[in-house]
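Residue numbers (the numbering used here), protein chains in the order written: chain A, 241 to 561; chain B, 33 to 287.
You may find that some hints are simply not true.
What the hints assert, rightly or not - Calculated Cβ distances over 10 Å to all of chain B for the following chain A residues:
(1) Arg261
(2) Asp407
(3) Glu513
As the list claims (entries may be wrong) - Per the computed footprint, the stretches of chain B lying under chain A, defined by three or more beta-carbons under 8 Å from a beta-carbon of chain A, are:
(4) 48-62
(5) 111-123
(6) 131-145
What the hints assert, rightly or not - Below, computed lysine to any residue pairings styled on SDA-like, alpha-carbon distance capped at 20 Å:
(7) A:Lys254 with B:Ser286
(8) A:Lys493 with A:Leu531
(9) A:Lys545 with A:Ala349
(10) A:Lys545 with A:Leu468
(11) A:Lys317 with B:Leu38
(12) A:Lys545 with A:Gly467
(13) A:Lys258 with A:Thr546
(14) A:Lys317 with B:Trp123
(15) A:Lys317 with B:Thr200
(16) A:Lys254 with B:Thr200
(17) A:Lys317 with A:Gly270
(18) A:Lys258 with B:Ser286
(19) A:Lys317 with B:Met33
(20) A:Lys258 with B:Ser287
(21) A:Lys254 with B:Gly281
(22) A:Lys317 with B:Met36
(23) A:Lys317 with A:Ala349
(24) A:Lys254 with A:Lys317
None of these hints come from the bench; they were simulated from the model. Keep in mind it's a predicted model, so treat the numbers as computed, not measured. The beta carbon of each residue, even a glycine, is placed where N, CA and C say it ideally should be.
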Amino acid sequence: MATIDVRGLEREYKSGLKAVRGIDLAVAPGEVYGFLGPNGAGKTTTVRMLVTLLRPTGGSATVAGFDVSTEPAQVRKRIGVALQEAALDLLMTGRELMELQATLHGLAARSVRGRADDLIGRVGLSQAADRRVATYSGGMRRRLDLAMALVHEPEVLFLDEPTTGLDPTSRATLWDEVRRLRADGTTVFLTTQYLEEADQLADRVGIIADGLIVAEGTPAALKAEIGLPHLDVTFMECPDLGHARDLLLAFGKLRPAPDGVDVSVAVAAGAAEIAPVVRVLDEAGFTVAALELVEPSLDDVFAEKTGRHLEGAAQPAATPA
Amino acid sequence: MSRMQLAVVAALVRRALNEITRVPGAAIPGVLAPTIFVVGLTSVFGQVDRLAGFGEVDFRTFVVPVGFLQAAGFTGAATGVNLARDIERGWFDRLLLCPAPRLTVLTGVVASAGLRCLLPVAFLFAVALATGVPFPGVDGLLVALLLVMGLASTLACFAVTLALRFRTQQAAPLMQMGAFAGVLFTPAYAPEELLAGWLEAIATVNPVTHVLAGVRQGFVGEVTWGDTWPAGLALAGMAVAFGAFAARGLRRYSS
Chain A
241 MATIDVRGLE
251 REYKSGLKAV
261 RGIDLAVAPG
271 EVYGFLGPNG
281 AGKTTTVRML
291 VTLLRPTGGS
301 ATVAGFDVST
311 EPAQVRKRIG
321 VALQEAALDL
331 LMTGRELMEL
341 QATLHGLAAR
351 SVRGRADDLI
361 GRVGLSQAAD
371 RRVATYSGGM
381 RRRLDLAMAL
391 VHEPEVLFLD
401 EPTTGLDPTS
411 RATLWDEVRR
421 LRADGTTVFL
431 TTQYLEEADQ
441 LADRVGIIAD
451 GLIVAEGTPA
461 ALKAEIGLPH
471 LDVTFMECPD
481 LGHARDLLLA
491 FGKLRPAPDG
501 VDVSVAVAAG
511 AAEIAPVVRV
521 LDEAGFTVAA
531 LELVEPSLDD
541 VFAEKTGRHL
551 EGAAQPAATP
561 A
Chain B
33 MSRMQLAVVA
43 ALVRRALNEI
53 TRVPGAAIPG
63 VLAPTIFVVG
73 LTSVFGQVDR
83 LAGFGEVDFR
93 TFVVPVGFLQ
103 AAGFTGAATG
113 VNLARDIERG
123 WFDRLLLCPA
133 PRLTVLTGVV
143 ASAGLRCLLP
153 VAFLFAVALA
163 TGVPFPGVDG
173 LLVALLLVMG
183 LASTLACFAV
193 TLALRFRTQQ
203 AAPLMQMGAF
213 AGVLFTPAYA
223 PEELLAGWLE
233 AIATVNPVTH
243 VLAGVRQGFV
253 GEVTWGDTWP
263 AGLALAGMAV
273 AFGAFAARGL
283 RRYSS
């Protein structure tokens with residue numbers, strides 16, 4: 241049974257704007273589901289409906305087995321939420337906020353302090369726990385927000401653009417925490433506009449545009465749908481480019497070579513083809529100056545499905561170890 | 033209310049009181065305003081107590097209870113403004129995501145007003161005693177404090193309704209105007225028999241008039257059941273009405 245089960249979910253505002261136009265999705269227990277789309281696509285509206293902050297105007301959704309419309313309190317008991325903006329009371333200390341959150345989620349008074357301390361330590365804020373949140377950096381606030389979302393050990397965690405605007409170190413910390421949660425079996429619903437984030441963290445990705453899911457699957461499957469990876473080969477000097485093309489044709493279909501590249505060939509096996517290609521070219525006397533394996537990106541998938549590029553695609557994403 | 037719900041209410045009240053201790057400067061205007069109002073008004077209109085209708089009561093003593101009600105008005109309106117700020121910053125969503133019934137969250141928000149209003153009331157009361165206003169008696173003070181705390185929470189419900197409707201601090205003037213109109217369109221400055229025209233008409237039907245009479249009774253005479261129950265009834269009626277509006281606003285907030 242899916243932990244998150246959404247059928248024909250719709251949200252139409254009083255102005256007539258249909259932000260979500262009938263989406264279907266299912267997230268399995270323990271899965272990290274990346275919900276990808278540009279600003280205004282309907283990501284946040286969908287999340288707000290799933291976490292019971294906004295009532296759907298059509299369709300249905302269950303989270304952890306409970307209907308978001310008819311059993312919202314049961315849903316709220318089982319979910320943790322870190323919304324787009326880390327909503328924190330800047331006058332309180334990190335520890336006070338953790339303890340308040342624990343109380344709001346019904347933890348017994350005797351266990352509040354211990355649980356707060358555990359989570360503060362887990363997100364690396366022990367040193368700053370007794371400082372007011374106003375003095376925290378953006379990354380520290382995000383980490384505290386995540387810790388607060390975990391205070392009652394939720395079955396399902398909703399993260400709405402958790403790393404937007406974060407520095408690479410803070411992003412790496414959050415990614416590590418998401419990986420740890422996956423390892424612990426927590427189901428994570430992650431909205432993001434960063435392709436690399438979805439690629440790195442998500443088991444499956446749903447791409448939303450204009451309130452509709454336009455593609456869904458594992459990142460690898462989605463990328464495979466639109467084409468194979470290809471090798472771009474550049475030679476030191478190449479007196480017989482035709483012969484080189486003939487040799488590479490054995491590995492796959494030739495593609496138009498981009499500027500500065502001599503030959504581009506589609507390779508079904510991806511990185512596994514690099515060594516054989518180099519060997520064949522070497523044996524034929526060609527000296528390779530550069531060889532690059534280019535994988536189709538999720539942005540290519542998005543562009544294929546919607547005719548547009550994701551806004552986040554152009555942004556440099558950090559690559560945490 | 034379950035133990036968990038009480039803990040939630042207590043936690044939200046503590047958070048609201050936190051603001052006073054963490055940013056005392058922000059609380060100063062609200063603390064001083066009722067006292068400045070009473071001192072200023074007494075300085076200008078102090079001789080008005082020579083009119084028939086005031087009896088033996090001097091004007092300062094007559095308007096101190098109005099200052100108490102103003103403190104309730106300030107605090108109630110401030111509760112709405114603070115909620116609007118919490119909505120703007122996303123904090124209110126965090127509260128709505130807690131599994132406790134949403135009416136518990138609402139109770140926590142408005143209950144804080146009842147406690148916060150005691151600060152300006154205590155300051156005004158101290159100044160009043162220091163400047164010669166007679167002690168209203170333990171029963172008079174107790175009744176006054178209970179009614180003022182109740183009024184602050186009731187006016188907080190009114191302000192919270194507006195905050196949930198407009199979701200912006202820009203609605204603050206509406207919250208303040210409503211609270212002060214309720215307090216001032218009463219026999220605030222003169223006994224009922226001296227009022228005339230539209231003010232008399234409004235004061236006659238304004239339930240806050242009864243609350244003011246209940247708060248004022250210990251200052252101007254004896255505490256009687258005849259002045260206390262109408263005040264309690266009027267306050268209960270307003271609390272039910274504004275509480276229902278606030279609850280409806282909360283239901284609509286997510287729809």
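Hints and how they fare:
The non-interface label for arginine 261 of chain A is consistent with chain B: the shortest C-beta to C-beta separation is roughly 19 Å, beyond 10 Å. Against the 10 Å criterion, aspartate 407 of chain A stays outside the reach of chain B, whose nearest CB is about 21 Å from its own CB. For glutamate 513 of chain A, the condition that its CB be more than 10 Å from all CB atoms of chain B holds, with the nearest at approximately 49 Å. Counting residues of the stretch 48-62 of chain B whose beta carbon lies closer than 8 Å to any beta carbon of chain A gives 4, which reaches the threshold of three, so the coverage claim holds.
Counting residues of the stretch 111-123 of chain B whose beta carbon lies closer than 8 Å to any beta carbon of chain A gives 3, which meets the minimum of three for the stated coverage. Coverage of the stretch 131-145 of chain B by chain A holds [criterion: at least 3 residues with CB-CB distance below 8 Å; count 3]. Restraint check: the Cα-Cα separation between lysine 254 of chain A and serine 286 of chain B comes to about 13 Å, which is no more than 20 Å; the hinted pair holds. A threshold of 20 Å between alpha carbons decides the hint, and for lysine 493 of chain A with leucine 531 of chain A the separation of about 17 Å falls inside it, so the pair holds.
Restraint check for lysine 545 of chain A and alanine 349 of chain A: not satisfied, since their Cα atoms lie roughly 51 Å apart, outside the 20 Å limit. Simply put, lysine 545 of chain A and leucine 468 of chain A have alpha-carbon atoms about 16 Å apart, close enough for the 20 Å limit, and the pair holds. Restraint check: the Cα-Cα separation between lysine 317 of chain A and leucine 38 of chain B comes to about 17 Å, which is no more than 20 Å; the hinted pair holds. Between lysine 545 of chain A and glycine 467 of chain A the CA atoms are separated by roughly 13 Å; this keeps the pair inside 20 Å, and the hint holds.
A threshold of 20 Å between alpha carbons decides the hint, and for lysine 258 of chain A with threonine 546 of chain A the separation of about 18 Å falls inside it, so the pair holds. For the hint linking lysine 317 of chain A to tryptophan 123 of chain B, the alpha-carbon distance of about 18 Å falls within 20 Å, and the restraint holds. The suggested pairing of lysine 317 of chain A with threonine 200 of chain B is violated, with an alpha-carbon distance near 29 Å, which exceeds 20 Å. This hinted pair checks out: lysine 254 of chain A and threonine 200 of chain B have alpha carbons roughly 19 Å apart, not beyond 20 Å.
As the CA atoms of lysine 317 of chain A and glycine 270 of chain A are separated by approximately 18 Å, the hinted pair is consistent with the 20 Å bound. A distance of roughly 16 Å separates the Cα atoms of lysine 258 of chain A and serine 286 of chain B; the hinted pair therefore holds under the 20 Å criterion. Restraint check: the Cα-Cα separation between lysine 317 of chain A and methionine 33 of chain B comes to about 18 Å, which is no more than 20 Å; the hinted pair holds. A threshold of 20 Å between alpha carbons decides the hint, and for lysine 258 of chain A with serine 287 of chain B the separation of about 14 Å falls inside it, so the pair holds.
Among the hinted pairs, lysine 254 of chain A with glycine 281 of chain B is consistent with the structure: their alpha-carbon atoms are about 16 Å apart, no more than 20 Å. Simply put, lysine 317 of chain A and methionine 36 of chain B have alpha-carbon atoms about 13 Å apart, close enough for the 20 Å limit, and the pair holds. A distance of roughly 17 Å separates the Cα atoms of lysine 317 of chain A and alanine 349 of chain A; the hinted pair therefore holds under the 20 Å criterion. Taken as a hint, the lysine 254 of chain A and lysine 317 of chain A pair is broken in the structure, with Cα atoms around 29 Å apart against an allowance of 20 Å.
Checked against the numbered hints listed earlier, the structure breaks hints 9, 15, 24; every other hint is satisfied.
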